[in-house]
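K.L.:
Sequence:
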Amino acid sequence: MAAPVDQRIAVPIDDPNADTEWNDILRKHGIIPEKPPSPTPLIEEAILEARRLAHENRLEGKDLSDLSDLEDDEDEDFLEQYRQKRMQELAALQHKSVHGSVYPISKPEYARAVTEASQNGPVFVNLTSAQGSNVESRVLSQLWRQAAQEYGDIKFCEMRADKAIEGYPERNCPTILVYDKGDIVKQIVTLATVGGPRMSMLDLDKILVEVGAVKADDMRVLKRRRAAEDAADEKLASGSRGIKSSRDAVKRDDDDDDWD
Numbered sequence: 001m002a003a004p005v006d007q008r009i010a011v012p013i014d015d016p017n018a019d020t021e022w023n024d025i026l027r028k029h030g031i032i033p034e035k036p037p038s039p040t041p042l043i044e045e046a047i048l049e050a051r052r053l054a055h056e057n058r059l060e061g062k063d064l065s066d067l068s069d070l071e072d073d074e075d076e077d078f079l080e081q082y083r084q085k086r087m088q089e090l091a092a093l094q095h096k097s098v099h100g101s102v103y104p105i106s107k108p109e110y111a112r113a114v115t116e117a118s119q120n121g122p123v124f125v126n127l128t129s130a131q132g133s134n135v136e137s138r139v140l141s142q143l144w145r146q147a148a149q150e151y152g153d154i155k156f157c158e159m160r161a162d163k164a165i166e167g168y169p170e171r172n173c174p175t176i177l178v179y180d181k182g183d184i185v186k187q188i189v190t191l192a193t194v195g196g197p198r199m200s201m202l203d204l205d206k207i208l209v210e211v212g213a214v215k216a217d218d219m220r221v222l223k224r225r226r227a228a229e230d231a232a233d234e235k236l237a238s239g240s241r242g243i244k245s246s247r248d249a250v251k252r253d254d255d256d257d258d259w260d
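UniProt numbering puts the last residue of the sequence shown at 260; the count rises by one with no breaks.
Calculated from the structure, these hints are not laboratory results. From the three backbone atoms N, C-alpha and C, an ideal C-beta is built for every residue, glycine too. Incorrect hints may appear among the rest.
Unchecked claim - Quick list of simulated restraints, FRET-style, between CB atoms:
#: 1; residue 1: Pro33; residue 2: Ser200; range: 50 to 58 Å
#: 2; residue 1: Leu236; residue 2: Glu21; range: 42 to 50 Å
#: 3; residue 1: Glu210; residue 2: Ala231; range: 21 to 29 Å
#: 4; residue 1: Ala231; residue 2: Val185; range: 26 to 34 Å
#: 5; residue 1: Ile47; residue 2: Asp162; range: 49 to 57 Å
#: 6; residue 1: Gly212; residue 2: Asn172; range: 20 to 28 Å
#: 7; residue 1: Arg145; residue 2: Val211; range: 45 to 53 Å
#: 8; residue 1: Ser200; residue 2: Ser238; range: 16 to 24 Å
What the hints assert, rightly or not - Okay, derived cross-link-like pairs now, PhoX-like style, lysine-lysine, Cα gap no bigger than 20 Å in a straight line:
#: 9; residue 1: Lys235; residue 2: Lys223
#: 10; residue 1: Lys35; residue 2: Lys107
#: 11; residue 1: Lys181; residue 2: Lys163
#: 12; residue 1: Lys215; residue 2: Lys181
#: 13; residue 1: Lys223; residue 2: Lys206
#: 14; residue 1: Lys215; residue 2: Lys186
Generate coordinates for the entire structure from the input sequences, incorporating the hints supplied.
P.N.:
Written out as structure tokens, the structure is:
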């Protein structure tokens, strides 16, 4: 008895994802799987949503003077709503701004000034170096003063590390301790993970947001972030102009050489 013959026909398939009439027939009969949906509509939808949010939030981080500068560009009623919102935020911050400067503390008052005080809100402690040659410690002390002025609703304290903890290693200075509800909720030893000697207020803002001392949409945070983004854009544009000028100069030199 002869062996059965395979009657199936080999179907030529060049590109199963191609939009061809032949592939449509093959898909209809289940020979090849359905073509996966194109990601293009999803990407376009995401881009449109990002643009919409950017437009809605275009005034976030702007203070009253910035809003005044936009009177010719924005709808008057819309601008007034934001102006009222900013005034309410400023009034709330002013009401809560009970500090405004760095508190130097000693060991006997540590429990009262830090641990107990943290029951009313986060308390930030900077354990400083005893050596003036510690660059990171000097950088953090400067940022501490600036932060205390800007965030008057948050308590910032400072103390020499060896006075707070006997035998505390100099190599661990500066150290940031964040207390909340009587407990240490964050500890940062040296500035290695937060920018090192180049640590800025942007880095400190991130810590404040992370521990919940300020909200991510706090206008002080947004304004600084937007200023940094604008500066970065300007630097990039300036660099592009510099490259173009250099290329133009090279081209002029080449043109001059042609006339030699």
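K.L.:
With reference to the structure, classify each hint as holding or not holding.
P.N.:
Results for each hint:
{"no.": "1", "hint": "Pro33 <-> Ser200: 50 to 58 Å", "result": "holds (53 Å)"}
{"no.": "2", "hint": "Leu236 <-> Glu21: 42 to 50 Å", "result": "holds (48 Å)"}
{"no.": "3", "hint": "Glu210 <-> Ala231: 21 to 29 Å", "result": "holds (23 Å)"}
{"no.": "4", "hint": "Ala231 <-> Val185: 26 to 34 Å", "result": "holds (32 Å)"}
{"no.": "5", "hint": "Ile47 <-> Asp162: 49 to 57 Å", "result": "holds (55 Å)"}
{"no.": "6", "hint": "Gly212 <-> Asn172: 20 to 28 Å", "result": "holds (25 Å)"}
{"no.": "7", "hint": "Arg145 <-> Val211: 45 to 53 Å", "result": "violated (20 Å)"}
{"no.": "8", "hint": "Ser200 <-> Ser238: 16 to 24 Å", "result": "holds (20 Å)"}
{"no.": "9", "hint": "Lys235 <-> Lys223", "result": "holds (18 Å)"}
{"no.": "10", "hint": "Lys35 <-> Lys107", "result": "violated (70 Å)"}
{"no.": "11", "hint": "Lys181 <-> Lys163", "result": "violated (24 Å)"}
{"no.": "12", "hint": "Lys215 <-> Lys181", "result": "holds (18 Å)"}
{"no.": "13", "hint": "Lys223 <-> Lys206", "result": "holds (13 Å)"}
{"no.": "14", "hint": "Lys215 <-> Lys186", "result": "holds (17 Å)"}
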